[in-house]
Amino acid sequence: MESTEAFQNALKTVDTLTQRPSNEQLLKLYALYKQSTHGDNDTDRPGGFDFKAAAKYNAWENIKGQSKEEAMKAYIDLVNELKSAEN
Numbered sequence: 280m281e282s283t284e285a286f287q288n289a290l291k292t293v294d295t296l297t298q299r300p301s302n303e304q305l306l307k308l309y310a311l312y313k314q315s316t317h318g319d320n321d322t323d324r325p326g327g328f329d330f331k332a333a334a335k336y337n338a339w340e341n342i343k344g345q346s347k348e349e350a351m352k353a354y355i356d357l358v359n360e361l362k363s364a365e366n
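Take any residue in the sequence shown, note its place counting from 1, add 279, and you have its number in the working numbering.
Any given hint might turn out to be false.
Pairs of lysine-lysine residues, derived as BS3-like cross-links and limited to a Cα-Cα distance of at most 30 Å, are as follows [unchecked claim]:
#1 362 / 307
#2 335 / 347
#3 313 / 291
#4 362 / 331
#5 362 / 291
#6 307 / 347
#7 347 / 291
#8 291 / 343
#9 362 / 352
#10 331 / 347
#11 291 / 352
#12 335 / 291
Taking CB as the label site, the calculated pair distances span [claimed, not checked]:
#13 302 / 323: 22 to 28 Å
#14 356 / 299: 17 to 23 Å
#15 299 / 348: 26 to 32 Å
#16 362 / 327: 32 to 38 Å
#17 290 / 322: 17 to 23 Å
#18 295 / 328: 30 to 36 Å
#19 331 / 295: 19 to 25 Å
#20 328 / 364: 29 to 35 Å
#21 290 / 346: 16 to 22 Å
Note that these hints are calculated values from the structure, not bench results.
Quick reminder that beta carbons are idealized off the backbone N, C-alpha and C, glycines included.
Given these sequences and hints, build the entire structure.
What follows is the structure, given as structure tokens:
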């Protein structure tokens, strides 16, 4: 499948970015990755004062219902956007 190969390449590209993505972009990357590989969020919401885990949970929860293929494409597009912003 072509999109799976492009997704794997995007995963490798993220590690080579010279500029660190913003927190918002990192949360979007996380959510799209989880949606692509796992599907809808079926985990329990983190409690207490674990704000980082809650932000990640919310980011993933916000794209609930998006297909794995759509999430993969959005992930690839975001990585390409981040990569081209470096040049």
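Hint-by-hint comparison with the structure:
no.	hint	result
1	362 / 307	holds (15 Å)
2	335 / 347	holds (18 Å)
3	313 / 291	holds (16 Å)
4	362 / 331	holds (25 Å)
5	362 / 291	holds (12 Å)
6	307 / 347	holds (14 Å)
7	347 / 291	holds (19 Å)
8	291 / 343	holds (25 Å)
9	362 / 352	holds (15 Å)
10	331 / 347	holds (24 Å)
11	291 / 352	holds (15 Å)
12	335 / 291	holds (21 Å)
13	302 / 323: 22 to 28 Å	holds (23 Å)
14	356 / 299: 17 to 23 Å	holds (19 Å)
15	299 / 348: 26 to 32 Å	holds (28 Å)
16	362 / 327: 32 to 38 Å	holds (36 Å)
17	290 / 322: 17 to 23 Å	holds (21 Å)
18	295 / 328: 30 to 36 Å	holds (34 Å)
19	331 / 295: 19 to 25 Å	holds (24 Å)
20	328 / 364: 29 to 35 Å	holds (33 Å)
21	290 / 346: 16 to 22 Å	holds (18 Å)
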